[in-house]
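Asks: Chain B: place on chain A using the hints.
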Amino acid sequence: MAKQLAFYYDQSVCTGCKACQVACKDDNDLSSGIIWRRVVEINGGDWIKQGATWGQNIFTYHLSLSCNHCEEGICLEVCPTGAMHKREDGVVLIDEDKCIGCRYCEWACPYEAPQYNDDKGKMSKCDFCYNYIDEGLPPACVAACPMRALDFGELSELQAKYGLVDNIYPMPDPSLTKPAIVITPHADAALAGAEGVSIGNVEEI
Amino acid sequence: MDTRDWALVIFTICAQMAVGSFIILGVVHFFVERKSGLQEADRMSDRALLAIGPVLVLGTLASFLHLGSPINGWRAISNIDSSWLSREILFNVLFMGAGAVFAVMQWRKLSTATIRNAIAVVAALIGVVLVVSMSQVYMIRTVPAWDTVATVLSFFTTTFLLGAMAMGTAYAANYTYMQRKSEPGCGPEGAQCDLLRYALRGLAVASIVLVGVTFVIMPLYMGYLSNDSAATQQSADIIVNDYGVVLGLRLALVFLGAVLLGGFIYRTASDPTRERWMINLAYTAFALVLISEVLGRFLFYASQITSGLG
Numbered sequence: 001m002a003k004q005l006a007f008y009y010d011q012s013v014c015t016g017c018k019a020c021q022v023a024c025k026d027d028n029d030l031s032s033g034i035i036w037r038r039v040v041e042i043n044g045g046d047w048i049k050q051g052a053t054w055g056q057n058i059f060t061y062h063l064s065l066s067c068n069h070c071e072e073g074i075c076l077e078v079c080p081t082g083a084m085h086k087r088e089d090g091v092v093l094i095d096e097d098k099c100i101g102c103r104y105c106e107w108a109c110p111y112e113a114p115q116y117n118d119d120k121g122k123m124s125k126c127d128f129c130y131n132y133i134d135e136g137l138p139p140a141c142v143a144a145c146p147m148r149a150l151d152f153g154e155l156s157e158l159q160a161k162y163g164l165v166d167n168i169y170p171m172p173d174p175s176l177t178k179p180a181i182v183i184t185p186h187a188d189a190a191l192a193g194a195e196g197v198s199i200g201n202v203e204e205i
Numbered sequence: 001m002d003t004r005d006w007a008l009v010i011f012t013i014c015a016q017m018a019v020g021s022f023i024i025l026g027v028v029h030f031f032v033e034r035k036s037g038l039q040e041a042d043r044m045s046d047r048a049l050l051a052i053g054p055v056l057v058l059g060t061l062a063s064f065l066h067l068g069s070p071i072n073g074w075r076a077i078s079n080i081d082s083s084w085l086s087r088e089i090l091f092n093v094l095f096m097g098a099g100a101v102f103a104v105m106q107w108r109k110l111s112t113a114t115i116r117n118a119i120a121v122v123a124a125l126i127g128v129v130l131v132v133s134m135s136q137v138y139m140i141r142t143v144p145a146w147d148t149v150a151t152v153l154s155f156f157t158t159t160f161l162l163g164a165m166a167m168g169t170a171y172a173a174n175y176t177y178m179q180r181k182s183e184p185g186c187g188p189e190g191a192q193c194d195l196l197r198y199a200l201r202g203l204a205v206a207s208i209v210l211v212g213v214t215f216v217i218m219p220l221y222m223g224y225l226s227n228d229s230a231a232t233q234q235s236a237d238i239i240v241n242d243y244g245v246v247l248g249l250r251l252a253l254v255f256l257g258a259v260l261l262g263g264f265i266y267r268t269a270s271d272p273t274r275e276r277w278m279i280n281l282a283y284t285a286f287a288l289v290l291i292s293e294v295l296g297r298f299l300f301y302a303s304q305i306t307s308g309l310g
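So the sequence lines, in the order shown, correspond to chains A and B.
Read left to right, the first sequence gives residues 1 to 205 (the working numbering).
Read left to right, the second sequence gives residues 1 to 310 (the working numbering).
Here chain A stands alone, though its shape is the one from the complex:
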């Protein structure tokens, strides 16, 4: 089987502190508006009547997402120049010399991973900190997490260890692109299919 690097995310311990997001931004020197890894805040719940009293069942969970370096990345498929390419270890990279900034990958990606860099007129995205990977070091986001909620490794090994969850609201149907991600879900994430769930920090992601 082809090698495929993947992120592991333990949503059940994530506090939504955004250290991963900030470490990524800092390490990759990303300009304003570009966030390769971002933390989505999901809120839900309502008032519920219990006997004669009213209570609530509100909940919040977080979802830290970067590029999932999908096995069947639609960005790779639609890119007209071949700038979007997969390394041997499964990491999806953009060759800036080839990119023409047509933003087609941005339309197609259901994880909003490729983001447009207006200064360069090119697309940009999470590169799995391959410079660190090649030196045997962890990516910046993984190293930064105070809860040790993030990890990385070979997809099949992570799946064997943690299971096959790769779809938590608001992530799309995983069959669209086969994302290389393994998630240990937050206890309340199962409720996300219910009514009234919304993203709490739309302006941040």
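Derived from the structure by calculation, the hints contain no laboratory data.
It is possible that some hints are incorrect.
[What the hints assert, rightly or not] Interface residues of chain A toward chain B, partial, derived using beta-carbon atoms under 8 Å: (1) Val78; (2) Pro80; (3) Thr81; (4) Cys102; (5) Glu157.
[Said to hold, decoys possible] Here chain A is said to cover these stretches of chain B; the calculated rule only asks that three of the stretch's residues, wherever they fall, bring their Cβ under 8 Å from a Cβ of chain A: (6) 61–68; (7) 75–85; (8) 136–143.
In this text, a Cβ means the ideal position worked out from N, Cα and C, and glycines have one as well.
Replies: Same frame as chain A, but now just chain B:
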């Protein structure tokens, strides 16, 4: 919608109008040749053909404006293997090339009419493939509002509607020019005058039918958007709530331009004393339908919502 996406509105509208015009020109040429012979048909078509090239070139230049790095633009053709965007560019270049070869041969009357016709048919087929690949660019599985047969159907109705309208205008302009030069056949009962009426009647009928198709697709498509998924519901919300006025205007203008004025064109084309009316109506109808199609294409891009977090 990103401001730069207006470049795509211009590109797709111009390229589709060029393909539609080229095909309509061929079909009309076929019928008028049977009616009045090759010489009269060529007199009618040759200058109208002149209008198509600049529209296609304008659209292609506009397409570069939507790129972040236009200098690198030529690379867009490199991923023919899997990217419909590459294929679209390829067929755009091929259509431009085949159309140009035909146009030069037609004006210089090189080779025989049969061979010229064969080249025109090849160019027209490439044009059809171009419109198909244009729709495939948008029919991506992660954008459910675009990934429907409505995209192909609406691209082709735009192609033929704008083609018919643009060629109606081109014939009328050519006729007016010939009249001013006092060329033969442009007076009452003249062959050119006769052909213009004949062509405009046919184009008016075709346009009314195409608007009928649009008015059938539209409600079905909106029904699909409201029911399919969260992403398509968001698209429907943008079209109806954010841009309801644009949608209303788009539908009103295409109805006014193609159906109402189309009907008037048909009637005035049957009455030799109302020639100026017929010609001015043809110009007005084209302007209204063009505005309508631009607004419709704006809505298409504005309602782009990717599944998931896109």
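Asks: Would you mind marking each hint as holding or not holding in the structure?
Replies: How the hints compare with the structure:
Taking 8 Å as the C-beta contact cut-off toward chain B, the hint placing A:Val78 at the interface holds, the least distance being around 5 Å. A distance limit of 8 Å between C-beta atoms decides the matter here; for A:Pro80 the minimum to chain B is near 4 Å, and the interface restraint holds. A hinted interface residue such as A:Thr81 counts as satisfied when its beta carbon comes closer than 8 Å to some beta carbon of chain B; here the least separation is about 4 Å, so the hint holds. At its closest, the beta carbon of A:Cys102 sits 5 Å from a beta carbon of chain B; the interface hint therefore holds under the 8 Å criterion.
For A:Glu157, the interface hint is violated, the least distance from its beta-carbon to any beta-carbon of chain B being 26 Å, above 8 Å. Counting residues of the region 61–68 of chain B whose CB lies closer than 8 Å to any CB of chain A gives 3, so the stated coverage by that chain holds, three being the minimum. For a cut-off of 8 Å, the count of residues in the region 75–85 of chain B with a CB near a CB of chain A stands at 9, and the three-residue condition holds. Given a C-beta distance limit of less than 8 Å, the hint that chain A covers the region 136–143 of chain B holds, as 5 residues qualify and 3 suffice.
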